[in-house]
Amino acid sequence: MNVKIDEKTITTDRLYLRKISLEDINDIYNIVKNDTVGKWLAASRGMTIEEAKIYVEKFINHWNQYGFGVWAVLNKCTGEIIGHCGLRYVDQKEEEVEIMYLLDPEFWGRGYATEAAKASIQYATNSMEIKKLIARIKITNDKSKKVLETLGFQFAYDKDYQGKQLSHYEIKLPS
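Once you know that position 158 of the sequence shown is 158 in the numbering used here, the rest is easy, because the numbers rise by one and skip nothing.
Keep in mind that the hints were calculated from the coordinates and are not lab data. Check before you lean on any hint, since a few could be wrong.
With a straight-line Cα cutoff of 25 Å, these simulated DSS-like cross-link-like pairs (lysine-lysine) come out [claimed, not checked]:
#1 K143 <-> K159
#2 K159 <-> K132
#3 K93 <-> K33
#4 K76 <-> K138
#5 K118 <-> K143
#6 K159 <-> K146
#7 K143 <-> K93
#8 K132 <-> K146
#9 K159 <-> K19
#10 K76 <-> K93
#11 K145 <-> K118
#12 K33 <-> K131
#13 K159 <-> K39
#14 K146 <-> K172
A quick note: this is a predicted structure, and the numbers were derived from the prediction, not measured.
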């Protein structure tokens with residue numbers, strides 16, 4: 001897979017990843033309002049437009065505070081937003097960086113999540129001084145587990161997090 005990274009955009013074979021913005025709220029909402037997607041999110045259901053706005057604003061605030069974050073994922077052929085993928089601190093301690101990804105169900109099972117996440121891992125390896133990435137997913141999300149395992153993540157443990165049972169995965173990054 002060819003990956004080109006500049007300050008604002010990551011380009012892969014089939015995708016553009018660019019810093020998420022307020023202009024993306026409606027596109028992200030059209031994905032996260034779907035209960036099929038929402039069941040994998042913290043609320044375990046689709047989001048309202050107000051929740052989607054807060055969701056995107058958190059990503060923007062993370063970018064502004066830390067200089068990295070979640071990218072909007074665009075289909076290179078159509079230019080449409082098909083989801084998001086990126087990196088964020090797990091909590092305010094700024095100790096662990098989490099990879100996260102979410103796609104419109106229309107694009108599930110085609111390797112897009114793996115492609116976007118692989119580009120995010122390459123960004124972390126080349127542009128950040130961290131030794132590992134983690135991922136937290138609902139225990140029952142077998143498709144996401146497969147993506148993580150394809151990327152080289154190893155299962156670490158299951159743990160309750162804010163009332164949700166999550167599987168924790170880790171990948172060590174090259175120095």
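Next on the checklist: Hints numbered earlier in the text: which of these fail when held up against the supplied structure?
Outcome noted: 3, 4, 7, 9, 10 and 12
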